[in-house]
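Q: The hints should help you fit chain L onto chain C, whose structure is shown.
2 protein chains.
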Amino acid sequence: MTHIQSYIKENKDRFLNELIELLKIPSISADSAYRNDVLKTAEAIKLSLEKAGCDTVEICTTDGYPIVYGEKIIDKNLPTVLVYGHYDVQPPDPLDLWNSPPFEPVIKKTALHPEGAIFARGACDDKGQMYMHVKAMEFMTSTDQLPCNVKFMIEGEEEVGSSNLAIFVKENQEKLKNDVILISDTGMIAQDVPSITTGLRGLSYVEVEVTGPNRDLHSGLYGGAVANPINVLTKMIASLHDENNHITIPGFYDKVEVLSKEERAEMAKAPFSLDDYKKALDINDVYGETGYTTNERNAIRPTLDVNGIWGGYTGEGAKTVIASKAYAKISMRLVPHQDWEEITQLFTSHFESIAPKGVTVKVTPHHGGQGYVTPINSLGYKAASKAYQDTFGKTPIPQRSGGSIPIVSLFEQELKSKTILMGFGLDSDAIHSPNEHFGVFNYLKGIETIPLFYKYFTELSK
Amino acid sequence: MTHIQSYIKENKDRFLNELIELLKIPSISADSAYRNDVLKTAEAIKLSLEKAGCDTVEICTTDGYPIVYGEKIIDKNLPTVLVYGHYDVQPPDPLDLWNSPPFEPVIKKTALHPEGAIFARGACDDKGQMYMHVKAMEFMTSTDQLPCNVKFMIEGEEEVGSSNLAIFVKENQEKLKNDVILISDTGMIAQDVPSITTGLRGLSYVEVEVTGPNRDLHSGLYGGAVANPINVLTKMIASLHDENNHITIPGFYDKVEVLSKEERAEMAKAPFSLDDYKKALDINDVYGETGYTTNERNAIRPTLDVNGIWGGYTGEGAKTVIASKAYAKISMRLVPHQDWEEITQLFTSHFESIAPKGVTVKVTPHHGGQGYVTPINSLGYKAASKAYQDTFGKTPIPQRSGGSIPIVSLFEQELKSKTILMGFGLDSDAIHSPNEHFGVFNYLKGIETIPLFYKYFTELSK
Chain C
8 MTHIQSYIKE
18 NKDRFLNELI
28 ELLKIPSISA
38 DSAYRNDVLK
48 TAEAIKLSLE
58 KAGCDTVEIC
68 TTDGYPIVYG
78 EKIIDKNLPT
88 VLVYGHYDVQ
98 PPDPLDLWNS
108 PPFEPVIKKT
118 ALHPEGAIFA
128 RGACDDKGQM
138 YMHVKAMEFM
148 TSTDQLPCNV
158 KFMIEGEEEV
168 GSSNLAIFVK
178 ENQEKLKNDV
188 ILISDTGMIA
198 QDVPSITTGL
208 RGLSYVEVEV
218 TGPNRDLHSG
228 LYGGAVANPI
238 NVLTKMIASL
248 HDENNHITIP
258 GFYDKVEVLS
268 KEERAEMAKA
278 PFSLDDYKKA
288 LDINDVYGET
298 GYTTNERNAI
308 RPTLDVNGIW
318 GGYTGEGAKT
328 VIASKAYAKI
338 SMRLVPHQDW
348 EEITQLFTSH
358 FESIAPKGVT
368 VKVTPHHGGQ
378 GYVTPINSLG
388 YKAASKAYQD
398 TFGKTPIPQR
408 SGGSIPIVSL
418 FEQELKSKTI
428 LMGFGLDSDA
438 IHSPNEHFGV
448 FNYLKGIETI
458 PLFYKYFTEL
468 SK
Chain L
8 MTHIQSYIKE
18 NKDRFLNELI
28 ELLKIPSISA
38 DSAYRNDVLK
48 TAEAIKLSLE
58 KAGCDTVEIC
68 TTDGYPIVYG
78 EKIIDKNLPT
88 VLVYGHYDVQ
98 PPDPLDLWNS
108 PPFEPVIKKT
118 ALHPEGAIFA
128 RGACDDKGQM
138 YMHVKAMEFM
148 TSTDQLPCNV
158 KFMIEGEEEV
168 GSSNLAIFVK
178 ENQEKLKNDV
188 ILISDTGMIA
198 QDVPSITTGL
208 RGLSYVEVEV
218 TGPNRDLHSG
228 LYGGAVANPI
238 NVLTKMIASL
248 HDENNHITIP
258 GFYDKVEVLS
268 KEERAEMAKA
278 PFSLDDYKKA
288 LDINDVYGET
298 GYTTNERNAI
308 RPTLDVNGIW
318 GGYTGEGAKT
328 VIASKAYAKI
338 SMRLVPHQDW
348 EEITQLFTSH
358 FESIAPKGVT
368 VKVTPHHGGQ
378 GYVTPINSLG
388 YKAASKAYQD
398 TFGKTPIPQR
408 SGGSIPIVSL
418 FEQELKSKTI
428 LMGFGLDSDA
438 IHSPNEHFGV
448 FNYLKGIETI
458 PLFYKYFTEL
468 SK
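These protein sequences, in sequence, are chains C and L.
Heads up: take any position in the first sequence, counting from 1, add 7, and you land on this note's numbering.
Heads up: take any position in the second sequence, counting from 1, add 7, and you land on this note's numbering.
Just chain C, same shape as in the assembly (with noise of 0.2 angstroms):
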């Protein structure tokens, strides 16, 4: 594709000057108190794209957040590319971890980001992966290049679970016909190793409440005679492990895809470092299922973490109290084969069946996702295989990816096409952490690629 390094180069400042202005919008779509920020941050996409040089562009309204549409339409004979990203990002806390305020987007070197990357929640995931796309869009416009039909789907509801898109889709399944799906929400293995996300896990995202007297207790008074939320939920939970930390909960293993020793030995071969590893999270011992190493226990095995805990007295200093209620945010990632609403069933009935006398038990599902796969003998595969070929000099590895697009899979039975991750970001981006960041080499990068995977594509669909 002709031109494409020098148009980066010559609009740098502008790719960033234009992404650090979206990430200044606070669009956190699991706090309503940030309601109208998350709108904002629909009408800034939908600017974005009409500059890109979408023929039409739409705010589609929904029970929810809206989804930004947008199109252009060159040859109804030509194959048909849908791009997916969301404009919505993660609560920012806990706030006093972040060197620099989280919507006060800076540029900082790194040892990992010579050329400096951005740090502000959602550079990474999934404002800045996303913005890519527009940017390539508007390359290949205003240059004349656009090789095949192009559709955008932004939603504002993704770490929130996407309730209102996936009725979305299945309401608009002939307005978003397509022959590919392209989304950037995932990463790759390390700057000079490109990487393809194959695979995604699932996920079951529920909030337990253990209540036992009616009441907060004086723990002189009632402490040892009546049961304690907190103490019960600890058992609760601690009781989903067993000693080799496989999750106890029947039925759980039943689906699990089991992989072959080729599969499994295929895998090992990606770049890792225990030690690297351990070094960066500062721990002394990884810690997981017993028989299967880091890289399979986060990619190929199903988990049970709990995200979130809090109960009693939480405030400076000492209360002795016995709280009447206790409460946990629990998420199981699951892997191709395990049905998400029968895991989260599974869950519920058993978590129900171990509450000691003396307490009820609530849980209520707050979404979740099917994991998916997708085979590395694709045209879409291929067309991204060989555009990064072409920007990294090196033919890009297949991986697994522990994380969740619960989207991914209903876009497959929805709409009947594969979806291509050509993932941009590090691990080490701290996305979901405080200190999030995006490597302005790897987002100048993306724009670099993504034209070569539509041209590629069009080529190879021919």
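If you are wondering where the hints come from, they were derived from the structure by calculation, not from laboratory data.
Treat the numbers as computed from the prediction; the structure is a model and nothing was measured.
Take the hints with a grain of salt, since some may be wrong.
Copies of the same chain look alike in the list, so a pair counts if it fits in one copy or across any two.
[As the list claims (entries may be wrong)] Here are the simulated lysine-lysine pairs, BS3-like style, with alpha carbons at most 25 angstroms apart:
1. 452 to 158
2. 469 to 158
3. 83 to 177
4. 16 to 58
5. 47 to 158
A: Structure of chain L alone, referenced to chain C:
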């Protein structure tokens, strides 16, 4: 004693209004945000003791909140009663469970309090019960019926461990010299079943912190591969009790006082309905150490309760994060002969020893105190018993309380005198809970009974 009932009748409204004014000040010692209110309360106590007839009243500064000391010495040859109480209160949270604001006292009738009860934080613990002594003093001085010397020592750090009071007592043994210590900071069995607390549990209160990775992590990318501090904390806490709800800390029970069959039989005579108990707490069953009754579990047996737990994302919605840290506040109620400092040490070494690889653990002791037992053949107990006999028309029942007043055992050690615990509150008064209250009947009955204790103690001392 003459005129006591008529005096109370004439001054009832003033007695109530004075207490209500005191309850309006949020003297929360655990939260430094209320520092000025705590200090303001000390001033109010000083004024009330002067009005009640103390000859000298002083505000004694400490490294924490001041101690209000007042005295009236009428004759060196007469016995001296030292009254102890505290003017600080527990934090009121959770605020949303209060039916009226915790620091806007209101008098409402309840089933157990047909004459009305004052609803406010501190109404019973301990402003209300402490102020009974001030009003009893006022009666005795204004009617010239004070039979002995009186010393008041009212502190502002009881709810946070009384560490500065301990220093004050050690440094002022001559000033605090007395023949008996009188405290109203406990309860009685029922409105028509007066009781005197003869035993208190000790306390060890610690805060624990579990640290895993050096930052919050994305649970998809790292879930299952690194130790999740919250999962680990639940496992560690759960392991502190075995299947019989015995505490598993090595050496924890070594010095526990073992009661004889006879003593347990004596205890069992106290009127108690398990059904009413369960109904009052709205629980389908009680829960506790195998082999002991409910009243034994919360009186003669040590316990371990989590008073607060927190970590990860606890806001609205869902966040798929693995927290870097998880925390809990844990308190242990101790029985006579268990040394709180030794128990704190046993807990710390054990808790550190059960931490798995991949996390680090920090244990921070908050405060503690020894248990206490007072003999029913002491002068003070006999005097109190006769006083109740006069005002309630029946002999009070000696009762072991599950609560702790850590300073009591220190009083005996440093001042060589016994403490008499004349409590007028009910277990259902919700101290340390939302909607704490104190019966008008109980408040006035206390004011009526206390002067009789002075009378009989002085007579029995001759």
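Q: Compare the structure with each hint and give your call.
A: Hint check results:
When the C-alpha separation of residue 452 and residue 158 is checked against a cutoff of 25 angstroms, the pair qualifies only within one copy, where the shortest distance is 22 angstroms, while the shortest distance between copies is 80 angstroms. For the homomeric pair residue 469 and residue 158, the shortest alpha-carbon distance inside one copy (20 angstroms) is at most 25 angstroms, but the shortest distance between copies (100 angstroms) is not. Taking identical chains as interchangeable, the C-alpha atoms of residue 83 and residue 177 lie at most 25 angstroms apart only when both belong to the same chain, with a minimum of 22 angstroms there against 92 angstroms between chains. With identical chains, the CA atoms of residue 16 and residue 58 are at most 25 angstroms apart within one copy only, with a shortest distance of 19 angstroms there and 84 angstroms across copies.
Proximity of residue 47 to residue 158 under the C-alpha cut-off of 25 angstroms is restricted to the intra-copy arrangement: shortest distance 21 angstroms within a copy versus 67 angstroms between copies.
Of the numbered hints listed earlier, not one is contradicted by the structure.
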